[in-house]
Every structure is written in structure tokens, then in C-alpha cells.
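2 protein chains.
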Amino acid sequence: MSYIAPLKDMQFVLNELANLSEISQLPGCEDATPDTVEAVLEENAKFCGEVIAPLNHPSDKEPSFWHDGNVTTSKGFKEAFRGFVEAGWQGVQHPAEFGGQGLPKLVATPCIEMLHASSLSFALVALLTDGAIEALLTAGSEEQKARFIEPLITGKWTGTMNLTEPQAGSDLAAVRTRAVPQGDGTYKVFGTKIFITYGEHDMAENIIHLVLARTPDAPPGVKGISLFIVPKFLVNEDGSLGARNDAHCVSIEHKLGIKASPTAVLQFGDHGGATGYLVGEENRGLEYMFIMMNAARFGVGMQGIALAERAYQKAVAYAKDRVQSRDLAGSSGPVSIIHHPDVRRMLMSMRAQTEAARALAYVGAGLSDLAHHHPDEATRKANLAVYEYLVPIIKGWSTEMSENVARDGVQVHGGMGFIEETGAAQHYRDAKILTIYEGTTAIQANDLVGRKTVRDGGAVAKSILAQVRATEAQLAEVQGDEFAAMRRELAAGSAALEQVVDFMVANIKSDIKGVFAGSVLYLKLAGIVLGGWQMARAALVAHKKLQAGEGDAAFLRAKITTARFFADHILSQAGGLRTAIVEGSAGVLGLAEDQF
Amino acid sequence: MSYIAPLKDMQFVLNELANLSEISQLPGCEDATPDTVEAVLEENAKFCGEVIAPLNHPSDKEPSFWHDGNVTTSKGFKEAFRGFVEAGWQGVQHPAEFGGQGLPKLVATPCIEMLHASSLSFALVALLTDGAIEALLTAGSEEQKARFIEPLITGKWTGTMNLTEPQAGSDLAAVRTRAVPQGDGTYKVFGTKIFITYGEHDMAENIIHLVLARTPDAPPGVKGISLFIVPKFLVNEDGSLGARNDAHCVSIEHKLGIKASPTAVLQFGDHGGATGYLVGEENRGLEYMFIMMNAARFGVGMQGIALAERAYQKAVAYAKDRVQSRDLAGSSGPVSIIHHPDVRRMLMSMRAQTEAARALAYVGAGLSDLAHHHPDEATRKANLAVYEYLVPIIKGWSTEMSENVARDGVQVHGGMGFIEETGAAQHYRDAKILTIYEGTTAIQANDLVGRKTVRDGGAVAKSILAQVRATEAQLAEVQGDEFAAMRRELAAGSAALEQVVDFMVANIKSDIKGVFAGSVLYLKLAGIVLGGWQMARAALVAHKKLQAGEGDAAFLRAKITTARFFADHILSQAGGLRTAIVEGSAGVLGLAEDQF
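If you're matching them up, the sequences are chains Y and D in order.
Following full-length UniProt numbering, the numbering of the first sequence begins with 1 at its first residue and continues without gaps.
Following full-length UniProt numbering, the numbering of the second sequence begins with 1 at its first residue and continues without gaps.
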């Protein structure tokens, strides 16, 4: 099999780090019993490994293609999507009243990871549909919910997010698409949207486009943007399909990676106007879109982790199989390359970063469940604040990390890695989109600095740091080099992160550009420290279980070694990042434009 | 123009850091007068920018292709190669007696940079031909030199290096290709070679393959390898072409990048045996190949710098042109994205690393000239030792750096970077080969640790560190934040590097795997510290010139700012690398194979 879901690590993180047992006692999460969760994960792993994962490489070689406004997806995608939705996988985290399984986000998260690890390109249709469902659940009218959500959950239809325009990129203030009210409650939509993932395809009978547009009297900028449902085919009262709407795919992009997922240019209203239905209130579109985007950003973070896991598995398999050169410590003949120290170093780096990012993301998912389902409002609010602090880190750091992991994956393969046939290069190409879409790393970092750090004077960041310090104290109580190394590097990392938070809060008013010059570095530093914190927590659990003679000893010992690797090799970067942020803005901003 | 050679920076490095004036007084280097050098660089820049650079993106879209044993190269390559060789560019650094220009390596180096920046794929034919020329100059008989070198320099023919075999990868001990003496001084060669760059093409009338093979009585392992000339067409006494030799291209690879350069599988001897001529003595092939490889490794390092420069130029152009979002410091409308701090940070990081690697490589080229041309043997020897220490760093660090720079180049373009049409993605794909071929970074690092560091007890490394310390002392004499930052980070970096050298020398015997677990990190640390050293030297020169009112003030001030950026953002990583090397081997080596 080209992908075997890391169920053991997933279960460990769910149970030991992300408090599944607590989450499953929240109102509305009661279905997430240990047995159910185990069964869901095992079934999902089986489906993803057997049905989706084998499509990944062939679909890269024969991507989706455009013809006369239609898009034919890669061989096998249509059938796999049927299997996916019929097994109920689109609905894992969505409400049972609309046909979903109503499981907590924490349980959906490993499912999402498995799906994306199997094929990023395939999984995107589910990710975008999730986003559309979330937006409609949040802001749709009862009638819209009743009409649109169930077919999205059952996979009869799929969803898209239409934000970007040729002139607007990430700057939504520049959106120009117009929505003109028709007096009957509907609107006519006119405009061009680009970079629309699965904006056209042949895997479902209808596509529900969620489109940002301006009404005629809307104020300028982001405060004048509304959200519209623009279905590819209009939907009759009884839910059957009506006329073809004036929303057409005029081309798809030729991309570096995720080639099997069609990235559409959509033209709305070239033939009289595309019929659209306002979601929620006028001019609140950006707010609704942000709900959807936060979910999507978390999802893209999971893509990074998923891709990293798959690249790691591929590299491990090659390193165990490929025999070349003698062992440094002396052997008579050539050995498999996993015996060579630098190959080992790359594999450990891939593994450690993937495990750390997984742990942080799952913990984040659990916080999201607490934020939505906990009976106590103050507890909900406190958890929401921490979750929202983590979202840009989970998105930004996990995807930046996945680029490095995919790169190391090619490197482990040596010359064979550069040959497309091998498949390692696909991961390297695919990874490059993850730090760009749903907001580049810089946009995540702006969010982290602006809305999540300086706005509350660093309070949430400091509250997390207090928890990190508690873990440091626990590390001090355990004997052994591994735990000493973890404690040393985690303490240095948390100190660096605190200094950076203080620096940002202190300087945001007097030197805004100097602060933002370090924003991405701050995001990376936070990812490293919080990822390292999770690895340290994991090592402490592993130690305790080993002491008690519980669990899989080889797995638990590997966890401690991996946590130690993370401390020495990844956490140790914290000091350099601190210097670059706190000392480094003069170098960033010193040149005049014409000196470039 | 898609590429404008950075002549100002090149001249600055040649004259101020690499001591061109000293080099040009060496015996045999006298032609490198300031006027000649300036003219050579300007002409080369013109030719590369106007003729080669425009081929780069189209040839990626329509790469070379194989048909019935022949390879048709991308449109325009054949004509461009004619122009290249007719202008004498293949011969810049080769002896005048064989038709070359006889200029020092230091002057050839910027020419090589410009050629590779224009098109890596195109330039590879010249790089491999250079390697063949070097090998024949070193080890060829007088008759072989007379017959083969001039046509290689004039571009009538081209050269290849045939090392890799399907089962052998980087492990030359495993080479199986056989060479059977025919009793007439010739050999019949039988075997398969893979990954042969320009192993077949239509740009010249003959191809001179240099092939590693074993004679029947050769000892096993690397001590039984000999080097053979195996021309595609046999060459008659008078230099005219004879019969087609039994060396055939059976396929070319479908690669992630450098798609326009054909990477051939060559089959020798399937039809009776390929006629080959021994170069030098039997069983000394590896030694000769290493001469060629050291030159080629330096050349691949230059490829990294060249690609980084081109990716930087592309990103700068886009960042100045693309208008999006308001300025953070407040502006009424959207601004070009070069005003956004994180875009600026990425551009500075690309720029600073490219300039540092350029400076280090050019300084290395100058040392090579001293090592070959200085009249005093002790001076030659001392410079050779430093040059040889630098070669794996120039190769390994410059290419690892170029991956990051090409990655940032895509990132600056945002979503457009992921679209192949834009061209930034090509650099990202092309870059990935550079850390692999001519020896992966790990192989460079093994060379750096084994042959270049521990063998002499760290003596050469320490001699270089003494020079770094002298620069630190000079930094202390200059006022200002920039120089204080440079001094702080350079001192921390050189201390870290010294500790690592001591660690390696002290532990190589007792813990060889623990030492090599940090080999690539040591290579990166050495690159950062020595690159930072060159940037500090450059800043000192710039300061002195500004004080004296000499030179281009904007350029010189930019150099100081860029050096400061390098100190705060790149040199600051030294401490983390030190920790990972000195503390980190337990984490690298701790897992058993079945724990992966």
C-alpha cells in the first residue's frame, strides 16, 4: 500500500494529548465513544488506503482537463467520490439532522488527515464542500439550509468558495463582482472569479458556488461585500435541478502541483446574469466567509500534516529498500541507506515535525469542540480564544513544515527522487500550494500578530506559555538525558517566544512595519515552541506508561526519542528566530525600492 | 529582459573580496587585465541575457525528446550553442594552446554564473564539456589531448561524464561496466549508464563520453575502476569522424526540472562492444574522475547561485509590479507588494544569501587560481587546502540555499507562483536537482567531515577561522548598529563553528556515526559562517569607500544593509545548528530500523 494511516499515533494523540475522553462527554459529542471512534478511524483508514491513495500518482500524470466549459476529472475520481460520500465520509463532523454523523471535530480531524494523505487533489473537493456546509450552517436561512445542506453532505452536490478575482488576489477590499437585486429576492451576479478549486468537474450533479460580490449600494472596501449562493444548476422547490445557471468555467490552470484538482476561472453573468441568493445579511459576507475560512485554514494545516506523513512513509520505504554503500561503522558490503546517518537524520526530521504538527492540530481540534460544545460560556470563550490563536499557526507552520518534509523526501531518494515516475517529486510539487492558498503564510502571520497577539496585549499567548512552563516543570522531574534535553530546549524556546510576544506588544504602535517584518518568523517560532511542547507532553505520557508497564513499549520509546530529536534539532532554532525578529527589522526594511 | 547579469556585484566581489588584481599578476593569468575582464563580463552578460535567457521558460514547456535513439533538443538550443561556442565562451578558462582564452578560474566564474542563470538546462552541456576537458588535460595522453580537447573547446563536440549505473547510484565501488582490452591498445566497453546529462543530443556532431569501467583483472571496489574515452562516433587520425560507435541512448528521463537537458540512459556494447580508449593508467579512473568532479562540484555550486540570482530578479520584478492591499503604515489605496514587510523580508533573504554565496564561491575560485599558478609551492599548497575545504561548502551550501531562495521566489508571487505560466515554479523545480547531482549534500558533507576536517585535525578549518576572527576585530573598529550586529553574530557563528570542528575531531574515532549524524548541519553552519564572513568583509569595504567618497553610494549602502540582514537573519541560525550537531546525534540514531 502506498499509504498506511498512522492509526497508532493518531489514537495516542487523541487519547493522551487532545483529551478525547473529555470531549466525548460534551453535550452533542456523546456519540464519540471509544469504540465508535476506533471503528470510524479504522474504516476510514481502510477506505482511504485502498480506494483513494492508489489514485494519487496516476491522477498527477493524467490530470483533470477542460473541454468546452466542462471539466473531466482524472480516471477513478468519479467512482471514488461516490464511494466516499456513500460511506458517509463527507458528513463525519456535520449535524445528524442533515445526514451527517455529528461527531466532534476532534474525531473528524484524523479522518481529514487520512483523506488528504491519500490524495490532496481528490480531498480538496471534500474540503471545499465542508467549507460551504459550514458557511450555510452559520449564516444560511432555514430554507437555504433545508435545500442545500443535505445534498452537500450526501455528495449529491459539491461546494466552492469564490473569493479571488484577477485584480484582487488576497485583497478582498478590491472585489468587483456585482450582485444586482431583481426585486424577487434573487440577485443577478456578474464578474470573474479565479483560482476556484473544483469550480467545475464531473463528480457530482450540481455545484453550489458561494460567491463574494457587491450590491449596488454597498460601501467600498471589505465592509461592502455580501455572500451569495450561485448554483451551477438552479434548484427547484422540490430539490430537483432546474435550468443551467449563467456561471461558466472558461478555463482551468496549468499548475505546479495538485494537478488532478481543477482550478477554475469562473465567469458569472456573461449571458444575462447568474442567479444568486443572498446568504444572511447584505455587507456581512466577509464575516461569514471568515467562518468558512477558519475551518478551511485548519483543513489546509491538516493537508500539510497529511502530505508530510505520506512523504515520510515513502521515504522510509525507499530508505529501507535501497541498498547502497557500506555502513560507516564498518560492514563488509553495501547496506540499506537507512543505515546512513544523514538519511536517518532526514527521516527523523520528517517524522518529528509531522508528529509535532499532528499533535498541535489535534489539540486545536479538541479546543474547538470545547469552544462550541462546553456548557459553560466562560469555558467556551477561553477555549475559543486559544483555538483562534492556534489556527494561523496550525495552517502556517504545518504547511511550511510540509514543504521542508516533502523536500527531504525527495532528497532521501537521491537521483531517483528527481524522476517523476518515483512519486516523491509529486509531493514536493503538491506541497508548494499549501503555504499559499487559504491565505499565504504571511497572511496567517498577520492574523497571528494583529488579531491574535497584540489586540489582547499578548494575554492569550501568555496563558499558553504558562501551560508550557508547567510542562517544563514536569520534565524536570524525570531522569535521563532525553528529558534534560527537552527541558533545556523547551525552556529556551518558551523564553524566546515570550520575549517576542513582549516585543510585538511593546512596538506595534511605534514601529508597525518593524513588528510585521518578523511576523512569519514569529509564526514559525510559535509553531516550533508549541509543537515542541506537545512532543514533550507526549514523551512524558510515554515515560509514565513505560514505567507502569502499559502500552506498546517500542512505540512509546520511539516517541521519547522523537521528542528528543525535535528538541535538539527543531526547538533549538528558537534563539535564532528570536534574534531575527527582535534585532532583524532594520535589515528587512533598510533598502529603498530602487536599491532592489 | 528576463535576466540582467548583476555585473556591479560581480565586479565588486572580484575586485574587493577575491583579489582579482593579485590573481591577474600570477604567471599564466596576465591576460586578466581590468579592461579585458570588464569586456569579457560585459560581452558575456549581453550574450547570456539576449540569446540564452529567453530560451529558459519555453524550453521547459517543450523539453528535449527522444525518438529512435536520437534526442531532439528544445527549440533554439542548437543555434544558441553555435553562437556560444563561436564567441569562444566554452573556452574562457581553458588553455590558449587548445583554442581557449586562458583566463583564470576567477574570471571564468562569473561567466559560468551568467550562463547558468540564463538557463540551467542549456548550460549543463557546457558544464559537462568543461569536466571532460579538465579530465583530459589532467590525465589524457598527448595524443588524446591533441585529438579531443580542441574540438571540445570549439564546440564541434561535447563531453559527458558516465559514472552512475542502475545498481550503483553514488556508490562507485559497485560499478559493473566492463572494458575488455583488444590487444591493439583499444578496449571494448559493455554496460549500462544512467543519469547521463546530455548523453545524447543534436547540438554537436560528436559526443565524447568519459566512462568509468572495470578491466578484467581489476581489483574489486573503487580501486579497480578505470577511465575510458568512448566517442559516439569514432575519430580518425585526421580528426574526421569515423564509424558510429556501439554507445546508444535507449531512453531519457521524465524529470521534475531541468527538463530541457536530456538525461540519458546509455547502453554500451549491445552490438559487439563500444570502442574505448584508456585515459591515463588502469585502475586510476576514480582519481581522474575526482579532478573532473571537483571542477563540476564547484560548477554546480555556481548553478545554485545563478538560479538564486534569477529567482531573486524575478521576484523583485513581480513585487514592484504587483499592486495589492494597503501599506501597513497607512496609505489611501493599494500599493505594490514590495511595500509589505514580509515580501521585503523574503526578498532580502533571497538577496543576502545569493550575495554571500557568490562572494564565497568567487573567493574560492581565486584560491584555486593561487593553488595552480602561484610560483611558490608552499603558497600553492596552502591555498589548495583552503580551496578544497571550500568546494563541498560551495557545492552543498549554495545549492541548499538555492532551494530556499527558489521557494521564496514562488511565495513572493502568491497564487500566481503556483501557475506554471508565471515561470517562478520552474526555478523551484529546477533547483531540486542541484542538491542531488554531482554528489548529494550528504556526500559533500561526508567529504567535508572526513577528508577536509578530521584528517588534518581541523587545521585548515582553524586557519580559516583565524581569518574570520581578524574580520571580527575590524568590525569592532567601525561605529554603528549594523557593524555591531555583524560583529555579534559573526563572533557567535565562528565560536559555534569552532566548537563543532573540535567536537568532530574529538569524536570521530569513538563515535563515527554520531559525528556524521551532524555532517550536513556542519556543512550548512560552515556555509553560513563563511558566507557571513564574506558579507562582513564586503560591508567593511563598502564603509571604507563611503567614508572616502568613492564608488556608487546607493550600491555600497545596500551592501551594508544586506550584510546586516545576513547577520541577524542567517548567521543567527548558527547556535541552533551547533546544538543540533553537538547534542543531537542521540535523537538521530536512537530508533531501531523497525521503529520507522
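Treat the hints as calculated values from the structure; they're not laboratory data.
Every value quoted in this text rests on a predicted model; they were computed, and no experiment measured them.
Treat the hints with care, since some could be wrong.
Since the list can't tell identical chains apart, any single copy or any two copies may satisfy a pair.
[Unchecked claim] No more than 16 Å apart at the CA atoms, straight line, and that leaves these computed lysine to aspartate or glutamate pairs for EDC-like:
(1) 320 / 593
(2) 188 / 38
(3) 513 / 327
(4) 509 / 498
(5) 78 / 238
(6) 320 / 62
(7) 156 / 205
(8) 223 / 50
(9) 320 / 217
(10) 145 / 238
(11) 509 / 327
(12) 320 / 594
Evaluate residue 78 and residue 238 at a C-alpha cut-off of 16 Å and name the case that applies: within, between, both or neither. Neither: 26 Å inside a chain and 66 Å across chains, both beyond 16 Å.
Up to 16 Å CA-CA - residue 593 versus residue 320, copy category: So residue 320 and residue 593 pass the 16 Å test across copies only (8 Å; inside, 50 Å).
Checking residue 509 and residue 327: alpha-carbon separation at most 16 Å within a copy, between copies, both or neither? between (57 Å within a copy, 15 Å between copies)
First find the shortest C-alpha distance between residue 320 and residue 217 inside one copy, then the shortest across copies, and answer within, between, both or neither for a cut-off of 16 Å. Neither way: residue 320 and residue 217 sit 64 Å apart in one copy and 33 Å across, limit 16 Å.
Up to 16 Å between alpha-carbons, please classify residue 156 paired with residue 205: within, between, both or neither. Within one copy only: 6 Å inside a chain, 61 Å across chains, cut-off 16 Å.
How would you classify residue 513 and residue 327 at a CA-CA limit of 16 Å: within, between, both, or neither? Between. Shortest inter-copy distance 9 Å satisfies the 16 Å Cα cut-off; intra-copy 51 Å does not.
Pop the pair residue 320 and residue 62 into one bin, within, between, both or neither, using alpha-carbon distances up to 16 Å. This pair counts as neither: shortest intra-copy Cα distance 29 Å, inter-copy 36 Å.
Using 16 Å as the alpha carbon limit, work out where residue 320 and residue 594 are close: within a copy, between copies, both or neither. between (52 Å within a copy, 9 Å between copies)
Status of residue 50 relative to residue 223 across identical chains (alpha carbons, at most 16 Å): Answer is neither: 47 Å inside a copy and 48 Å across each miss the 16 Å cutoff.
Is it within a copy, between copies, both, or neither that the alpha carbon of residue 145 lies no farther than 16 Å from that of residue 238? within (14 Å within a copy, 86 Å between copies)
Please sort residue 509 with residue 498 into within, between, both or neither, judging by C-alpha distance up to 16 Å. neither (19 Å within a copy, 41 Å between copies)
Is it within, between, both or neither when you check residue 188 against residue 38 at 16 Å Cα-Cα? Answer is neither: 48 Å inside a copy and 64 Å across each miss the 16 Å cutoff.
Comparing the model with each earlier hint shows violations of hints 2, 4, 5, 6, 8, 9; every other hint is respected.
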